[in-house]
Amino acid sequence: MRLLGFNSTNSTNPINPMQPMQLMKPALQKIYVILGKQGDKQLERLSQMLSDLFSYVNLTSNLYFITNNLTEGMPQVERIQKAASVFLRDNLFARIYVHFIHSIPLETMKEIDFYYQYYYQGWKRVTREFDLEAYAHQEMPRLMLLPVIVPHNQVHPTALTGLLDTLRSAFLLPSLYLDRGTFFLTEDEVLSKTEKVYYGHGNSRETTEIVCDLCRQEILDDSCAMLGSGAVSMGMGTPCPAALIVSAQDGMVYPCMDALLKKESLANIYGELSVDAIMARYYEHGRSKRDCLGCRERVCESFADLPLPKATTHEVGALLCRFGTLYQETENHVQAIESYKKSLKLSPIEEAGHIYFRLGLCYTKIGRYDQALESFNRAEGTYHNQYYFYFYTGLCYFEMGDYRMALEKLSGAAYMKPQQDDLLKILIYMGTCYNSLGNYEKAIVELERAKEKAGHVKEIYNALGFSYFQLKDYNKAIENLRRAVEIDPYSAIDYASLGANYREKGDTEKAIAMYEKAIELDTNMNVARENLKRLRGKR
Amino acid sequence: MNVLLIEINPFAPASTPISLGYIASFLKSKGFTVKTLVLGQDTPMSRHGLYQLITSFQPALVGLSAYQRTMLYVIGIAGLIKSIDSNIKIAIGGPQATFMPTAAFAELPDIDYVCRSSGEVTFLRVARAIQNGTPFSDLAGVSYKNSHGAVYDTDELEGFTDLDSYPSPYLDGVFDYSCMKEAIMLTSRGCPHHCTYCYTPHAFKHKVSFHSIDRVIEEIKWIRKKGVRRLWFADPNISFKPSRSTELLDRILAEDLDLEMWLQTRADLVTSALMKKMKQAGVNTIAFGLESASERVLTRLGKHISTEKVAEAIRLAQSQDIEVELFTMFGLPYETFDDAVQTLEFVKKNKVKIMGNTNSQQMQIYFGTDMARHYEDHNIRPLNTNRPTYISIGSQYETDHMSYDEIQKVQELWRANSLDGGKRIVS
Numbered sequence: 001m002r003l004l005g006f007n008s009t010n011s012t013n014p015i016n017p018m019q020p021m022q023l024m025k026p027a028l029q030k031i032y033v034i035l036g037k038q039g040d041k042q043l044e045r046l047s048q049m050l051s052d053l054f055s056y057v058n059l060t061s062n063l064y065f066i067t068n069n070l071t072e073g074m075p076q077v078e079r080i081q082k083a084a085s086v087f088l089r090d091n092l093f094a095r096i097y098v099h100f101i102h103s104i105p106l107e108t109m110k111e112i113d114f115y116y117q118y119y120y121q122g123w124k125r126v127t128r129e130f131d132l133e134a135y136a137h138q139e140m141p142r143l144m145l146l147p148v149i150v151p152h153n154q155v156h157p158t159a160l161t162g163l164l165d166t167l168r169s170a171f172l173l174p175s176l177y178l179d180r181g182t183f184f185l186t187e188d189e190v191l192s193k194t195e196k197v198y199y200g201h202g203n204s205r206e207t208t209e210i211v212c213d214l215c216r217q218e219i220l221d222d223s224c225a226m227l228g229s230g231a232v233s234m235g236m237g238t239p240c241p242a243a244l245i246v247s248a249q250d251g252m253v254y255p256c257m258d259a260l261l262k263k264e265s266l267a268n269i270y271g272e273l274s275v276d277a278i279m280a281r282y283y284e285h286g287r288s289k290r291d292c293l294g295c296r297e298r299v300c301e302s303f304a305d306l307p308l309p310k311a312t313t314h315e316v317g318a319l320l321c322r323f324g325t326l327y328q329e330t331e332n333h334v335q336a337i338e339s340y341k342k343s344l345k346l347s348p349i350e351e352a353g354h355i356y357f358r359l360g361l362c363y364t365k366i367g368r369y370d371q372a373l374e375s376f377n378r379a380e381g382t383y384h385n386q387y388y389f390y391f392y393t394g395l396c397y398f399e400m401g402d403y404r405m406a407l408e409k410l411s412g413a414a415y416m417k418p419q420q421d422d423l424l425k426i427l428i429y430m431g432t433c434y435n436s437l438g439n440y441e442k443a444i445v446e447l448e449r450a451k452e453k454a455g456h457v458k459e460i461y462n463a464l465g466f467s468y469f470q471l472k473d474y475n476k477a478i479e480n481l482r483r484a485v486e487i488d489p490y491s492a493i494d495y496a497s498l499g500a501n502y503r504e505k506g507d508t509e510k511a512i513a514m515y516e517k518a519i520e521l522d523t524n525m526n527v528a529r530e531n532l533k534r535l536r537g538k539r
Numbered sequence: 540m541n542v543l544l545i546e547i548n549p550f551a552p553a554s555t556p557i558s559l560g561y562i563a564s565f566l567k568s569k570g571f572t573v574k575t576l577v578l579g580q581d582t583p584m585s586r587h588g589l590y591q592l593i594t595s596f597q598p599a600l601v602g603l604s605a606y607q608r609t610m611l612y613v614i615g616i617a618g619l620i621k622s623i624d625s626n627i628k629i630a631i632g633g634p635q636a637t638f639m640p641t642a643a644f645a646e647l648p649d650i651d652y653v654c655r656s657s658g659e660v661t662f663l664r665v666a667r668a669i670q671n672g673t674p675f676s677d678l679a680g681v682s683y684k685n686s687h688g689a690v691y692d693t694d695e696l697e698g699f700t701d702l703d704s705y706p707s708p709y710l711d712g713v714f715d716y717s718c719m720k721e722a723i724m725l726t727s728r729g730c731p732h733h734c735t736y737c738y739t740p741h742a743f744k745h746k747v748s749f750h751s752i753d754r755v756i757e758e759i760k761w762i763r764k765k766g767v768r769r770l771w772f773a774d775p776n777i778s779f780k781p782s783r784s785t786e787l788l789d790r791i792l793a794e795d796l797d798l799e800m801w802l803q804t805r806a807d808l809v810t811s812a813l814m815k816k817m818k819q820a821g822v823n824t825i826a827f828g829l830e831s832a833s834e835r836v837l838t839r840l841g842k843h844i845s846t847e848k849v850a851e852a853i854r855l856a857q858s859q860d861i862e863v864e865l866f867t868m869f870g871l872p873y874e875t876f877d878d879a880v881q882t883l884e885f886v887k888k889n890k891v892k893i894m895g896n897t898n899s900q901q902m903q904i905y906f907g908t909d910m911a912r913h914y915e916d917h918n919i920r921p922l923n924t925n926r927p928t929y930i931s932i933g934s935q936y937e938t939d940h941m942s943y944d945e946i947q948k949v950q951e952l953w954r955a956n957s958l959d960g961g962k963r964i965v966s
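So the sequence lines, in the order shown, correspond to chains B and R. Numbering follows our numbering, with no gaps: position 403 of the first sequence is 403. Heads up, our numbering is the position in the second sequence plus 539, with the first residue counted as 1.
Some hints could be false.
Cβ-Cβ distance ranges computed for the label pairs, FRET-style [said to hold, decoys possible]: (1) R:S717 / B:F183: 39 to 45 Å; (2) R:R912 / B:P105: 54 to 60 Å; (3) B:D370 / R:G766: 38 to 44 Å; (4) R:D797 / B:N268: 55 to 61 Å; (5) B:A134 / R:D797: 43 to 49 Å.
Straight line, CA to CA, 25 Å or less: simulated DSS-like cross-link-like pairs of lysine-lysine [claimed, not checked]: (6) R:K848 / R:K888; (7) B:K263 / B:K37; (8) B:K25 / R:K621; (9) R:K888 / R:K948; (10) R:K892 / R:K815; (11) B:K310 / R:K567; (12) R:K816 / R:K890; (13) B:K472 / B:K517; (14) R:K816 / B:K25; (15) B:K476 / B:K517; (16) R:K948 / B:K193; (17) R:K567 / R:K765; (18) R:K848 / R:K780; (19) B:K25 / R:K574; (20) B:K193 / B:K310.
Residues from chain R that face chain B, not an exhaustive set, calculated with beta carbons under 8 Å [said to hold, decoys possible]: (21) I547; (22) P549; (23) Q580; (24) R608; (25) L611; (26) I616; (27) L619; (28) I623; (29) G672; (30) P927; (31) I930.
Calculated directly from the structure, the hints in this document are not laboratory data. Backbone N, C-alpha and C define an ideal beta-carbon position, used for all residues, glycine too.
Turn these sequences into a full structure, and let the hints guide you.
Below, the structure written as structure tokens:
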């Protein structure tokens with residue numbers, strides 16, 4: 001028996017994700033550049049390429065430069081920053097945030113003033129024009145450098161907070177990249193001075209790994225934003241915010257993290273293609289045919305065992321629950337169960353009831369009624385005043401053959417004034433339970449109530465036919481079964497039931513006709529075949 | 540003729556551009572083809588995208604909403620448009636433009652018109668002049684710069700007093716409902732009061748004009764039909780006429796519109812019965828302007844409302860389980876550091892959550908306010924006298940009673956007490 005669809009469980013909120021002017025190609029929100037030991041020519045090419053790319057970035061955009069060598073990386077970033085300054089001078093509507101992700105050797109860390117003066121003071125000098133412009137317009141500067149520190153795993157928290165203070169006092173708002181080797185730094189004193197924490201999933205600190213972690217964070221933030229806006233049901237399969245990943249080491253350009261991991265590059269910036277041509281490829285091919293839904297889910301799952309703030313952990317739990325719902329909506333109940341189970345571990349206790357209920361529905365769908373009941377029991381505190389909760393619980397007992405318990409739950413559901421359509425389904429199940437328990441009179445009471453509410457449901461007449469047959473009221477049985485085959489002229493079982501009733505009435509010809517019709521519709525119906533043989537033999 | 544209207548605010552998510560919507564709808568009704576573009580924090584748009592839009596739509600006129608915070612971006616977009624086609628005329632309007640000094644034209648080389656009167660009628664005059672091929676004839680309500688660079692001011696232009704004379708941007712299909720989470724309603728315009736820090740009374744000459752309740756209900760029904768449930772009433776004082784606000788709420792209830800509403804009004808314009816009705820009709824948040832908890836400061840501001848009255852209004856709302864937001868400011872004239880702390884304490888004492896719009900902000904001195912015109916009389920000392928002429932004093936000042944450092948301290952105090960980091964939604 002299939003699970004009857006109840007209106008009240010359909011919580012999908014239809015949201016159209018279309019944006020105004022959506023026919024325009026999406027602007028790049030972020031560009032990630034993995035710096036390496038490129039020569040002057042290559043650096044020149046990289047700088048030129050980024051200059052040309054600025055026309056394709058969002059009016060407020062973010063550039064990430066990742067290096068594993070601060071001394072080598074800083075001059076490269078300064079050079080590229082000059083190109084950004086030129087663009088911003090010509091385009092007053094644009095803002096660029098430059099995030100520089102680098103580690104700091106322990107020795108340098110101890111000499112914070114040296115570190116600041118040697119590496120960052122020069123930057124502050126060249127961006128002064130934007131600070132002045134911002135002051136004149138009473139706004140934030142349009143060009144900002146935002147250091148992202150990758151701390152050494154031996155660093156002392158006090159030294160780190162000293163560095164963060166120094167950077168903050170120079171309006172260089174610092175963030176941290178923490179991985180398994182430095183999660184011990186997630187203490188209040190450090191976090192209170194940090195703009196943002198990027199979470200590393202491994203501990204190799206390879207630049208490619210760091211870029212992937214930055215992308216993961218972006219995908220998580222984007223998914224959480226969807227969750228907050230209510231657009232999540234439609235948006236989970238949409239691509240992550242438009243971005244490019246450029247490896248300055250080998251010149252390869254990737255349209256997203258998934259492509260980077262699979263080494264599916266769009267182009268080589270050190271080759272012949274212009275930026276316009278690269279962007280044409282990006283828009284035409286780069287982001288199509290990718291498993292964005294799967295990628296988002298993998299990303300969310302990857303945060304499950306990280307020491308995130310409680311609120312973020314809960315958001316990850318909510319996202320995993322959402323993935324469960326998406327699987328459930330596409331009838332992939334096994335996968336949905338996995339997502340719900342993971343979600344349970346991360347979600348706040350007050351959400352557990354909702355998740356257990358959905359889990360119960362999925363177990364019901366795949367026929368694991370004992371596990372479904374276990375889940376429903378855990379959801380009872382949340383759903384004890386919802387009639388559909390009792391319906392589904394009753395359904396499980398019904399399927400497990402415990403008709404008394406099924407009746408208890410279904411009666412409870414019927415008593416709670418369900419919606420009209422749902423009441424009909426409950427009454428049919430109740431009638432069927434009574435039939436199974438041999439209490440045909442009560443079955444008839446419930447089924448006749450159902451008939452009063454809706455005269456077009458075949459199951460009512462089928463079950464009533466059974467009840468009246470058992471009570472030997474063949475005329476009533478025939479009357480109901482006739483109605484059943486009127487509604488569904490292809491119902492072999494109802495023709496066979498008609499045959500049985502005519503047989504019991506002694507109307508052999510009509511019984512034979514009904515059995516023949518049943519076999520015509522279902523050639524495998526052995527019961528009808530045997531009855532037919534017997535009746536023909538009696539002739 | 541094609542007209543493009545742009546609202547840019549890179550500091551907040553894109554919202555329904557209600558003012559531009561009215562202008563768009565009005566121009567459409569007069570035969571113009573109008574496109575509206577909102578560039579918010581969350582709008583994906585690049586220079587390339589803007590270029591494509593301008594070259595494909597080919598507007599003859601572009602209108603840009605101007606606010607103090609967005610002037611740099613307005614100038615930047617105007618520059619881009621002129622670099623694409625120098626024949627495209629560019630007008631700015633909105634709060635920053637209305638009272639901007641004419642001398643600012645010197646620093647706005649790509650702006651042709653500064654709209655100063657009622658947006659719809661003023662912009663129509665400009666559009667018609669361009670359409671007729673005489674872009675600087677028969678204008679009113681604007682300052683303009685002719686092709687030789689000479690600057691002229693024109694006479695003021697009165698807008699319609701009956702707001703129903705303007706076609707509805709909601710009913711006209713100007714807005715895209717597919718991604719609208721909240722509809723911004725403007726059922727009335729203007730304010731009769733004399734608060735010295737506020738732009739609205741001067742811009743509307745202390746008059747208030749209204750839409751009929753029939754029109755408002757028609758719009759709300761249409762918005763609901765389109766699947767939007769949340770309404771944000773931008774009226775400065777929605778309960779200015781108590782009988783009108785009661786009628787509006789009664790009609791919402793009678794039509795069973797199932798809404799969630801945010802609205803703002805003066806604390807002395809609410810009663811227990813009105814608040815009860817608001818709750819029934821779906822008002823979940825109400826905002827009052829407290830400004831300061833110091834009666835002395837309030838008197839100096841021309842805000843004739845007692846803190847007791849505000850406290851009473853808060854209690855009325857809270858008793859109906861309506862969330863309260865309080866607009867407050869610091870750095871006010873005659874306000875001492877202790878006065879500013881008193882305001883924070885008032886908010887806490889009255890159990891108003893310090894988040895969203897309740898996050899306080901430093902008073903901003905905008906063009907057109909009494910404070911901007913007579914800042915010396917209010918003992919205000921601007922800190923940056925070299926600012927561009929299109930930028931007003933804003934927050935760059937200190938007062939005789941509070942130094943810049945003290946003002947910063949008050950800001951930190953509010954941030955420390957904020958539940959959401961201190962970001963205010965409405966300026």
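Outcome of the hint check:
1. The supplied range of 39 to 45 Å is met by S717 of chain R and F183 of chain B, whose beta-carbon atoms lie about 42 Å from each other.
2. For the pair R912 of chain R and P105 of chain B, the supplied restraint of 54 to 60 Å holds, since their beta-carbon distance comes to about 58 Å.
3. At roughly 41 Å, the beta-carbon separation of D370 of chain B and G766 of chain R lies within the given 38 to 44 Å, and the hint holds.
4. Distance hint check: the CB atoms of D797 of chain R and N268 of chain B are about 57 Å apart, consistent with the given range 55 to 61 Å.
5. In this structure the supplied range 43 to 49 Å holds for A134 of chain B paired with D797 of chain R, their Cβ-Cβ distance being about 45 Å.
6. Our distance criterion of 25 Å between C-alpha atoms is met by K848 of chain R and K888 of chain R, whose separation comes to about 15 Å.
7. Between K263 of chain B and K37 of chain B the CA atoms are separated by roughly 20 Å; this keeps the pair inside 25 Å, and the hint holds.
8. Between K25 of chain B and K621 of chain R the CA atoms are separated by roughly 23 Å; this keeps the pair inside 25 Å, and the hint holds.
9. Note on K888 of chain R and K948 of chain R: the hinted pairing holds, with a Cα-Cα distance of about 21 Å set against a maximum of 25 Å.
10. About 21 Å separates the Cα atoms of K892 of chain R and K815 of chain R, which keeps this hinted pair within 25 Å; it holds.
11. For the suggested pair K310 of chain B and K567 of chain R, the alpha carbons sit about 51 Å apart, so the restraint of at most 25 Å is broken.
12. Taking the CA atoms of K816 of chain R and K890 of chain R, the gap is near 22 Å; set against the 25 Å cutoff, the hint holds.
13. Using a Cα cut-off of 25 Å, the hinted pair K472 of chain B and K517 of chain B holds, with the two alpha carbons roughly 23 Å apart.
14. Restraint check for K816 of chain R and K25 of chain B: the C-alpha separation of about 47 Å exceeds 25 Å, so the hint is violated.
15. For the hint pairing K476 of chain B with K517 of chain B, the CA-to-CA distance comes to about 21 Å; that is within 25 Å, so the pair holds.
16. With a CA separation close to 18 Å, the supplied pair K948 of chain R and K193 of chain B stays within the 25 Å bound.
17. Restraint check for K567 of chain R and K765 of chain R: satisfied, since their Cα atoms lie roughly 21 Å apart, inside the 25 Å limit.
18. Between K848 of chain R and K780 of chain R, the direct Cα distance comes to roughly 18 Å. Compliance with the 25 Å bound is thereby established for this hinted pair.
19. The straight-line distance between the Cα atoms of K25 of chain B and K574 of chain R is roughly 18 Å, inside the 25 Å bound, and the hint therefore holds.
20. Taking the CA atoms of K193 of chain B and K310 of chain B, the gap is near 19 Å; set against the 25 Å cutoff, the hint holds.
21. Taking 8 Å as the C-beta contact cut-off toward chain B, the hint placing I547 of chain R at the interface holds, the least distance being around 7 Å.
22. Nearest Cβ of chain B to the Cβ of P549 of chain R: about 5 Å, under the 8 Å cut. The hint holds.
23. Below 8 Å, beta-carbon pairs count as interface contacts, and Q580 of chain R has one with chain B at about 7 Å; its hint therefore holds.
24. Evaluation of the R608 of chain R hint against chain B yields a held restraint, the C-beta minimum of about 6 Å falling below 8 Å.
25. Among the interface hints, the one on L611 of chain R holds; its C-beta lies about 5 Å from the nearest C-beta in chain B, closer than the 8 Å criterion.
26. Here the hint on I616 of chain R is kept, as its CB sits about 5 Å from the closest CB of chain B, short of 8 Å.
27. Interface hint at L619 of chain R: satisfied, since its Cβ lies 7 Å from the closest Cβ of chain B, which is below the 8 Å cut-off.
28. Proximity of I623 of chain R to chain B is violated relative to the hint, the smallest CB-CB distance being about 13 Å (cut-off 8 Å).
29. The criterion of a C-beta within 8 Å of any C-beta in chain B is not met by G672 of chain R, whose closest approach is roughly 30 Å, and the hint is violated.
30. Given the 8 Å rule on beta carbons, the hint for P927 of chain R holds: about 6 Å separates it from the nearest Cβ of chain B.
31. Below 8 Å, beta-carbon pairs count as interface contacts, and I930 of chain R has one with chain B at about 6 Å; its hint therefore holds.
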